[in-house]
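With chain A's structure known, arrange chain B on it following the hints.
Going line by line, the protein sequences match chains A and B. Residue numbering for the first sequence follows this note's numbering, starting at 1 and increasing by one per position. Residue numbering for the second sequence follows this note's numbering, starting at 1 and increasing by one per position.
It is possible that some hints are incorrect.
Once the Cα atoms are required to be at most 30 Å apart in a straight line, the calculated DSBU-like pairs of lysine-lysine come out as [as the list claims (entries may be wrong)]:
{"id": "1", "chain 1": "A", "residue 1": "464", "chain 2": "B", "residue 2": "132"}
{"id": "2", "chain 1": "B", "residue 1": "132", "chain 2": "A", "residue 2": "179"}
{"id": "3", "chain 1": "A", "residue 1": "179", "chain 2": "B", "residue 2": "247"}
{"id": "4", "chain 1": "A", "residue 1": "416", "chain 2": "B", "residue 2": "209"}
{"id": "5", "chain 1": "A", "residue 1": "496", "chain 2": "B", "residue 2": "156"}
{"id": "6", "chain 1": "B", "residue 1": "247", "chain 2": "B", "residue 2": "132"}
Pair by pair, the computed Cβ-Cβ distance ranges are [unchecked claim]:
{"id": "7", "chain 1": "B", "residue 1": "294", "chain 2": "A", "residue 2": "193", "range": "57 to 65 Å"}
{"id": "8", "chain 1": "A", "residue 1": "495", "chain 2": "B", "residue 2": "136", "range": "21 to 29 Å"}
{"id": "9", "chain 1": "B", "residue 1": "267", "chain 2": "A", "residue 2": "461", "range": "24 to 32 Å"}
{"id": "10", "chain 1": "A", "residue 1": "93", "chain 2": "B", "residue 2": "162", "range": "29 to 37 Å"}
{"id": "11", "chain 1": "A", "residue 1": "48", "chain 2": "B", "residue 2": "136", "range": "33 to 41 Å"}
{"id": "12", "chain 1": "B", "residue 1": "267", "chain 2": "A", "residue 2": "160", "range": "46 to 54 Å"}
{"id": "13", "chain 1": "B", "residue 1": "267", "chain 2": "A", "residue 2": "459", "range": "49 to 57 Å"}
{"id": "14", "chain 1": "A", "residue 1": "426", "chain 2": "B", "residue 2": "288", "range": "44 to 52 Å"}
{"id": "15", "chain 1": "A", "residue 1": "459", "chain 2": "B", "residue 2": "288", "range": "28 to 36 Å"}
{"id": "16", "chain 1": "B", "residue 1": "286", "chain 2": "A", "residue 2": "191", "range": "34 to 42 Å"}
{"id": "17", "chain 1": "A", "residue 1": "160", "chain 2": "B", "residue 2": "198", "range": "48 to 56 Å"}
{"id": "18", "chain 1": "B", "residue 1": "80", "chain 2": "A", "residue 2": "150", "range": "47 to 55 Å"}
With the Cβ distance kept under 10 Å, some of the chain B side facing chain A (calculated, not the full set) [claimed, not checked]:
{"id": "19", "residue": "139"}
{"id": "20", "residue": "181"}
{"id": "21", "residue": "269"}
If you're looking for bench data, these hints aren't it; they were derived computationally from the structure. From the three backbone atoms N, C-alpha and C, an ideal C-beta is built for every residue, glycine too.
Listed here are the chains, written in short residue letters.
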Amino acid sequence: MRTARRISQIVFFLFFIFLFLITRYPYEHGITTEIFLRFSPLSPVFMFIKDLKINLLFLPALIILFFTVFFGRFFCGWICPLGTLLDISGKIVKSPLNRISEKWQKLRYLKFALLIGLLILALFSVHIWGYFDPLSIFNRALTIVFYPLATLFAEKALLALSNVSFLEDPAYWLYDQFKYAIMPENQAHYQQLFWIALFIFLILIAEKLSRRFWCRYLCPAGALLSFLSQFRFYERIVGEQCPACNKCQIECKMNAIPQDDVGYTNKVECIECFNCGATCPPKYNAITYRWRWTPYRTSVDYSRRRFLGTSVASITALGLLGVGIKNKEAINQQVRPPGSLTEEDFKDKCIRCMECVRICASNGACLQPSGIQSSIADLWLPIAEMRTGYCEYNCNQCGQVCPTEAILPLTLAQKKKTPMGLAYFDKNLCIPFARNEDCIVCEEHCPTSEKAIKFDIRDFTDPKTGQTRKVKYPYVIKELCIGCGICVYKCPLEGKPAIFVTIENQKRPTSSDILKS
Amino acid sequence: MKRRQFIRSISLGTAGISLLPVLGNKLLYGSGQFPQAVWVENGEPEQLLKRALQEFGGLKRFIKKGDVVVIKPNIGWDRPPELAANTNPHLVAALVKACKEAGAKKVKIFDRTCNNPQRCYRNSQIQKWAEKAGAKVEHIRPNRFKKITIDGNIVKEWLIYRDYLEADKVINVPIAKHHSLSLVTLGLKNLMGVMGDNRGLIHNNFAEKLTDIDRKILPTLTIIDAYRILTANGPVGGNPKDVKLTKTLILSDCTVSADNLALSLFGLKLEDVPHIKMAYEKGLAKYDPGKLTVRRVTLG
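Next comes chain A alone, as it looks inside the complex (with noise of 0.2 Å):
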């Protein structure tokens, strides 16, 4: 059964890395990539929150949900990538023996906490349990950490070998190989790094403390499984001839099994890796299990007293998620990505997983998971950043791969008819207006049919020369602005761009939009 679970656990890690790597353009194989994040035991729970209706999107949830009542927490031993990595972390880091990591044990309770703080957090609408949603930090780190920094060193290896005269043909050819399977868009760099990179480094890291330290303590998806597998019916009996080794104790990764009870299991703790059966010596092969229709109980470590501290943390939170610097002008620059619901909506449906973040990168590369700007929650929103990136005209790939939907499934023909934004000149800046030259190089890739960008011919007399000449003088019609932005990427100043994209204008469908279209 441990074998089982290790291909288990590896096949279902390479089939989400698999995924990642895949979810860029032309994105025409017909796979919908997002589909792992919908395994996230989380989702459907708190949609069903949010929308006060049971969505079927999250169907492998769903199927995750009513299998863990039977079975327990298969799917943090079996599925989970974060999982798989922080195994592997583990090896790395050696994480210490059940018994020095003892002393966290009366932690457990922390992710039942977190799980329910979250949860009164949403019945007042706030949502932020995406922060902690364990595919969400997987597909984050990939994202934004992981991808980046083996793209960029594979990337810069091979460009500088190919200096070199005589290894220019063949690191050439695995440049190319490596653009063609693995990396073929450009490098993306992220802000935010530090901080995306620091999250979950100390999730990896925390494997020095103890095995599956973020499952054992922390993790909601973990916990609200557990509250599901009290009763699991799949259990692990020990039989008579056990000698109480406790090899199956060293060896648990949960340490559900307790030092002076072998017998027992944690039912709410055990993610059925199965070492405890892998482990025990042939000669006792004391540990099967069984199906038992009359299963015993593990109550959840989690007390009344410590249900009401939970709400007075999460009514503490919640005030001061609700208390932001409300800064205008950064909220004026929050440009979201086209077919995102109104911002309220927006906030709530978002994972911040950057799913759409991901397959940006291979087509425009505007959006980058924010900072916070107005509010604590905006932490991690995708946004546009017009001058390292720009909305490719013809993409509606963002929309298309949103696990949650906060982003709609806009058709191209939709996606080209919703605007961002709008752009605004700084005339300060702009060359024509500052020193009455031409310029207009926002005007010639503005991409709508007719040009957003239209520009003025008047002539400038040079005070110093005397001369005459025609200068082009662009400006913005707001009725044919989408705000993509390509102007602000394109601008030829070297710092500050002379013309910036704001939200006024910009186009917010909510849900029943897209189901009338």
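Okay, now just chain B, sitting in the frame of chain A:
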């Protein structure tokens, strides 16, 4: 007259007579046996190209066996061929085949795109058809720009793509389009696709800067794709109404002359277009615009 003398004069005479047609051609076309530019119209891209090359004396005039040839089409935009923002993919493919037939060892195609390169290469269909025809279609590699001395009136040095500089022969294949800054984009403007750095900076004092750089990187041949031309909202376009089906191809070994000829498609004159006018003034043209010999052919 002695017999020997007679034979000598007779043979000289025959030689002279047999050379007459050649001399005649020379008189007719100025410097060479062939026209200085060809204008073919009313045909599909492949037919236009075939005829134009034939009238121009075949590609073998320019391409030697074993040459590495760079074809520089316009792949600048994420647009399908029907919208006339990029060079016609079938023309590019036919040209690749012609180069291979003329003995080219390798045909490379690239362009520094304005939109996402993958999207442009794919949506323009140039990647697909050119690769089928046997070309190597590559994205611009960031480490392959080389700073070259320009010493122009304004531009002193600029980054140019190395593969372009190192090619034995270069064929520039622009599409004829409207352009708001330069009025039209043709051969001279299309060469911006091999320039590195912040190209937006070329846009002020455009005519002077463009001709400064172009002077150093003029191609072997220029073939202007005017099968479909974009008459407004260029260079990106997007509205089918702005596309005009003109079914024309212009070929010359002088970029400036080819550009000058193409102006008539847009109803423009040389005086209207500063960058082409300046190219003449700064001596980028091989041929005098007044004395240009053009072979005009209408197919069909």
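So which hints don't hold here, by number, going up? 1, 3, 4, 8, 10, 11, 13, 16, 17, 18 and 21
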